[in-house]
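Q: On the provided structure of chain P, position chain U as indicated by the hints.
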Amino acid sequence: MIRRILTRIGTSVLVLWGAVTVSFTALHLTPGNVVDVLIGSSIVTPEVRAQIIADYGLDAPLPVQYATYLGRVLRGDLGQSYQLHESVATAIGTQLGPSIQLAGAALLVAVVAATTLALLTARRKRWIRGLSSGLELIGVSIPTFWAAILLLTVFSFQLGWFPAVGDDSGSSLVLPVIAVAIPITTMLTQLMRESLELTLEEPFVLTARSRGMSDLGVRLRHALRHALVPAVTLLGWVIGLMVGSMVAVEQIFSRQGIGQLTLTAVSGKDLPVVMGVVLVTALLYVVVNILIDLLYLVIDPRLRSAA
Amino acid sequence: MTEPVVEVTDLHVSFGTLEAVRGISFAVHPGECVAIVGESGSGKSVTARTLLGLAGEEARVRAGALRVDGVDTSGFSERQWRSIRGRRIGFVLQDALVSLDSLRPVGKEIAETLRLHRAVPRAAIPGRVLELLEEVGVPEPEQRARQYPHELSGGLRQRALIASAIACHPRLLIADEPTTALDVTVQAQILRLLAERRRGGTALLLISHDLAVVAELADRILVMKDGVVVESGPADQVLREPEHPYTRGLLAAIPTEESKGARLSATTAPEVRRAPPGEVVIEARDLAKSFKGRAAVDGVSFELRAGETLGIVGESGSGKTTTARLVLGLLAPDRGSVEIDGQPWAGLTARRKRELRRHIQVIYQDPLSSFDPRFSVRRILDEALDVGGEPRATRRDRAVELLEQVGLDASVLERRPLRLSGGQRQRVAIARALAPRPRVIVCDEPVSALDVSIQAQVLDLLTDLQAELGVAYLFISHHLGVVHHVSDRVLVMKDGRVVESGDVRQVLTAPAAGYTRELLAAVPRLDTTAPLVRRAS
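Quick mapping for you: the protein sequence lines, in order, are chains P and U.
Be aware that the first sequence starts at 119, since it is given in the numbering used here, and climbs by one per residue.
Be aware that the second sequence starts at 52, since it is given in the numbering used here, and climbs by one per residue.
Bound-form chain P, shown alone (with noise of 0.2 angstroms):
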């Protein structure tokens, strides 16, 4: 057991390593002097071309460059930002917040959808299921900034329910939440549905049904943990996957966050910063799939064992 959590934190430490490599890399094989690629944009005095030099270490060699880029990301410093006129991780630091708002609530919404969904349709009639399955297709056809553009125009614009920008109310957080949820719904549904009704199968289901349990209690008491396990996989994937929505949809909305950061990074060639967010997209990744490592123990008693 102990020896299994020590390898999973072995492979997420490697897992970073190659994350900060993979960084250290593309700065270099960047066109351009490597000191112009930090700088980016932005116009900078001589004092401050000497400086970066000095920070990264640029006039050593290349594997003292790498030893000093990688101590120090170890003691947490990203490096600066030269557009922002700010330190890369403070950067990220006010950004994290308002983004990890928006991914929880839109995570937390999709979880609980997906379930109610899943558990009311799972061997239903067939035009239950043929509905619901119906609306998944949609949901996980269109993209999500899409959805966002449309959530806007009905609900803000038209109805004016929600306000269409910003991110000082917890009215504003509704629309762009659900942008987020609906692809993360639909292919969760999607997945405990056909889990559970493979579960529903099982000789197990038709015991507890033996003991006068009601549909309602054996999917709720039996069945929902069993289609836990492919859900929570799923859900450690699409952690991944949400970094892309949120780019589109903290645009859309104009919202504060970290995609807001990547995309105004990204298109004003601030390595530094993009550097960063990288490093922290990887982090937040392996963190969050260790934690699923650890809840699939919690779901399956069988691989506490194992372990």
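For the record, the hints were derived by calculation from the structure and aren't laboratory data.
Below, a list of computed lysine to any residue pairs in the SDA-like style, where the Cα atoms sit at most 25 angstroms apart:
#1 U:Lys159 - P:Arg343
#2 U:Lys276 - U:His80
#3 U:Lys159 - U:Ser134
#4 U:Lys276 - P:Pro321
#5 U:Lys343 - P:Ile123
#6 U:Lys343 - U:Glu202
#7 U:Lys159 - P:Val416
#8 U:Lys159 - P:Gly335
#9 U:Lys159 - P:Asp418
#10 U:Lys159 - P:Leu334
#11 P:Lys243 - U:Glu108
#12 U:Lys311 - U:Arg568
#13 U:Lys159 - P:Leu342
#14 U:Lys159 - P:Arg422
#15 U:Lys343 - U:Gly398
#16 P:Lys243 - U:Ala71
#17 U:Lys159 - P:Glu315
#18 U:Lys159 - P:Pro321
#19 U:Lys343 - P:Asp418
#20 P:Lys243 - U:Ala110
#21 U:Lys343 - P:Thr125
#22 P:Lys243 - U:Ser128
#23 U:Lys159 - P:Pro419
#24 U:Lys343 - P:Pro419
#25 U:Lys159 - P:Leu316
#26 P:Lys243 - U:Thr68
#27 U:Lys311 - U:Arg540
#28 U:Lys159 - P:Val347
#29 U:Lys545 - U:Asp495
#30 P:Lys243 - P:Leu342
A: Frame of chain P, contents of chain U only:
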């Protein structure tokens, strides 16, 4: 006579156009055991489920009378059904590993029945669960109640499943193949436990495909076929003087020590005389293999000659399957050696191993999972013939020839495994094994998943093929009757070791080892003069 606990007259159950049950009638009285015996598709399980109102949403049920515990259940609403399930009727399925929720401790499963029917005050539930576990003979109930099904042995979890069914003291207990997945000694214990319940006044409805199991317990037997009861009566009468040809066929199909050398299935094919055993084809010396420090096989030696059958019997975990994998060269032994036709596996390159594998083929319990479901029979055989070095031009003819040898005709060539019956699948598996003209076939529980009449046909087929082709069998089974029927010599295995070996008649009729005697004593027998359960009581 007392009022029956269940009374069924003229029961019909249909699914769409399929009539699964067509007009059956029976009654079970308190303290009585009625058994419904039949093969797959006979309608026996549908009958059992109909008594609980669990035949399925698509099922249409029609009956003259359907009375449980004096209450007429025809026209029951779902709510009314729920109030009698678990409270008036307990239901036990086969294989508690899948019939109990694998993600919950067994104690919670037992508590569920109590909680649903408010059988005892909420606070008293945990104590009652422990009492129930004790009642069904589970030692250390406090600890067991917290364990999950996969952490318990097959016998203990089957007991836990029974405890959850009897938690509210139902007057009727329905047991659908309650011992089918169990080892023979554990099966005997579970049958004793059910017999105890019956003695306590519970009415027992036993559903089984196995006449021998039923013989141990039943007062009355109903034989079902295609939704109809073909024969019914007191157990002794049905088993000793069966009137219906189907019942007689079922009884004759059971492999036992008496059936040795005779055919099990009704057939007109002439019996072929077997040649005496030839040269040694497998030589296993002092095999040992352990997994994570636990010895799975320890010091197993044997030889197998051409045209001969060596049986390996043992319960789960005895090392039978590991031995088979060592012989097949799929595992490397920690110690000892295996020679196929004088050629040891050890030290061979992957290429030479593949060549040697032509000489030793295998058939498994469940052929469906050993076939690619997308392959047609033609492709399945084609692949095996290709491995066997058959030229492309003659493969089709050879495939048809193989199918004929196993009693199938060329019309199955284009079918996929899912479209074949269980018996046909096993025949295709045998044809595939024969394709590279092997010297030996390892048969790992080849008939355990089959109905007794199909089992009889497959065993007859294996015997015929051996006489015709001189192939040797390493025949692995937990079923002593089957092994006795087909084998010349036998190894009895326990905990990875051979406890006894020798001529099959010698070992299985006059065993020297205590363990062999124990196994034999646990085998349910058809001779009802001294059935096991009554003997024990």
